[in-house]
Amino acid sequence: MFEDGPKTLILPLRFQPSSDVSGQVSVKTSVQRGIRSSILTQWKINPETLEQIWPKKESLTLVKCREHISIYTLHGEPLIFQHFDGPFFPTLKLLHKYPFVLPPVRVDRGAIRFLLAGAHMMCPGLTSAGGQLPSSAQALPANTPVAIHAEGKEHAAAIGFLKLSTEDIKRVNKGVGVETVTYLGDDLWKIQQL
Amino acid sequence: MASAEGPPAVEPTPPVEVLYCQVCSFPVEYCEFGSSFTRCKEWLQKTDEALYDRFYSEEALQAKIGTLSLEAQEKLEKDTAKKEAKAEAKAETALKKKMASQVTIKRIERNKRKHVTAILGLENFDVDLKKAAKFFAQKFATGASVTKNLQGQDEIVVQGDVSGEIVEMIEDGVGLLKGVPKDNVIEVEEKKKKG
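Chains as they are written, first to last, in this note's numbering: chain U, 1 to 194; chain W, 195 to 389.
Derived from the structure by calculation, the hints contain no laboratory data. Each residue gets a CB set at the ideal place from its N, CA and C atoms; glycine is no exception. It cannot be assumed that every hint is accurate.
Computed cross-link-like contacts, DSSO-like style, restricted to lysine-lysine with a CA-CA straight-line distance of at most 27 Å [to be verified]:
no.: 1; chain 1: W; residue 1: LYS333; chain 2: W; residue 2: LYS290
no.: 2; chain 1: W; residue 1: LYS308; chain 2: W; residue 2: LYS324
no.: 3; chain 1: U; residue 1: LYS190; chain 2: W; residue 2: LYS291
no.: 4; chain 1: U; residue 1: LYS190; chain 2: W; residue 2: LYS308
no.: 5; chain 1: U; residue 1: LYS190; chain 2: W; residue 2: LYS290
Over the 10 Å line for every Cβ pair with chain U, so calculated as not near, a few chain W residues [claimed, not checked]:
no.: 6; residue: SER219
no.: 7; residue: LYS235
no.: 8; residue: LYS240
no.: 9; residue: THR274
no.: 10; residue: GLU282
no.: 11; residue: ARG304
no.: 12; residue: GLY354
no.: 13; residue: VAL361
Put together the whole structure using the sequences plus the hints.
Right, dumping it as structure tokens:
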């Protein structure tokens, strides 16, 4: 297979806005249009809501970071990020405001601590009693961005992408199921605060 | 499904309002995994009683144990308590270091008559170096910049001999220099002569 998904999409350890950002540029309008249409296809969002988050008139700022990570911000607030030319991920703060944007998966309570330390989610955490995956009718292929919810919690704890398709996760039930890209309290989350 | 031809009557979905804990910046339900849980609980109780009851009342705690066995739950609690203690200890040492850190004002000779003043250590007191440099440049009508010295620390370099005035400014707490305690300032003279 040619494409095996983004690698090491996690923000580098100890990401510091002061030193790891190599530049801020305004994005060309042609590129902006491209981003807008990609978001409309990749995420479960309708154009009006996207307009609310990111009005047509406004233009994003691209913040380039180490390891080919690009963060798109609006008025200083990070909204979207991507690795190389991979899929677009919303920031966790954005996902909290519009939770329907990504399909949810749920992990059980025991996995939450590790998730919040940046670990990837293993299949058993998703298939056990506390976990939840989309039903077969809504099966998702590998490399789909998903929102990682925690058992008993209302808001997403992390964002990641599926390493295996949801059907494979249920079948194989071993190894990494969802690779965690950003989680509550990571360096990207801290930037949104400061 | 409603037709998409007519006037676009689709309303944008409004954002969900999330209450973020002021102490640990997580959504309130995740405070238990942060390192300042006790403080978070106090804050939440003060701010929003209803939410506090929702999460921390007896039934809520019972329901939360959910699919974890009893020992696993206890272990989880012990681990979080340990993590919290560690975080507190770290915050304390950081604060003590801050108190002990100094602002060093160096007067360096450039030529026989000319000097530059270098100020190290302001960042320990949360002073924005770039803004401070601009401020000095304006005040003294000379050049000022932020550079990294050989040890890798950031310092503000001001052209000319302004060390005395800087000390005064720190004492008076002018402008951005507000947080700096005056006793932590030392003056040094350096002769960078390449004879």
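Please confirm whether GLU282 (chain W) is truly not at the interface, meaning its C-beta sits more than 10 Å away from all C-beta atoms of chain U. GLU282 (chain W) clear of chain U: closest Cβ-Cβ about 17 Å, beyond 10 Å.
Keeping to a limit of 27 Å between CA atoms, is the pair of LYS308 (chain W) and LYS324 (chain W) held or broken? Status holds; Cα separation ~24 Å.
Over 10 Å from every CB of chain U: does LYS235 (chain W) meet that, or does the non-interface label fail? Given that every Cβ of chain U is farther than 10 Å from that of LYS235 (chain W), nearest at about 17 Å, it holds.
Pairwise hint evaluation, LYS290 (chain W) against LYS333 (chain W), where the allowed Cα distance is 27 Å at most: Distance ~32 Å between LYS333 (chain W) and LYS290 (chain W) Cα, so the pair is violated.
Taking only the CA atoms, is the gap from LYS190 (chain U) to LYS291 (chain W) under or equal to 27 Å? Holds - the C-alpha atoms of LYS291 (chain W) and LYS190 (chain U) are around 23 Å apart, at most 27 Å.
Grab the minimum beta-carbon distance between ARG304 (chain W) and chain U and tell me whether it stays above 10 Å. Nearest chain U Cβ is 29 Å from ARG304 (chain W), so the label holds.
Does the claim that SER219 (chain W) lies outside the interface with chain U hold up, using a Cβ gap greater than 10 Å? violated, 5 Å
GLY354 (chain W) clear of chain U by more than 10 Å, beta carbon to beta carbon? For GLY354 (chain W), whose nearest Cβ neighbour in chain U is about 28 Å away, the distance exceeds 10 Å, so it holds.
Confirm or reject the statement that THR274 (chain W) sits farther than 10 Å, beta carbon to beta carbon, from all of chain U. THR274 (chain W) not clear of chain U: closest Cβ-Cβ about 8 Å, inside 10 Å.
Run the C-beta distances from LYS240 (chain W) to all of chain U and say if the shortest one exceeds 10 Å. holds, 21 Å
Taking the minimum C-beta separation from VAL361 (chain W) to chain U, is that value above 10 Å? holds, 27 Å
Quick one, are LYS190 (chain U) and LYS290 (chain W) close enough, alpha carbons at most 27 Å? Holds. LYS190 (chain U) to LYS290 (chain W) sits at ~23 Å (cutoff 27 Å).
Hint compliance for this structure: hints 1, 4, 6, 9 are not met, and every other hint is.
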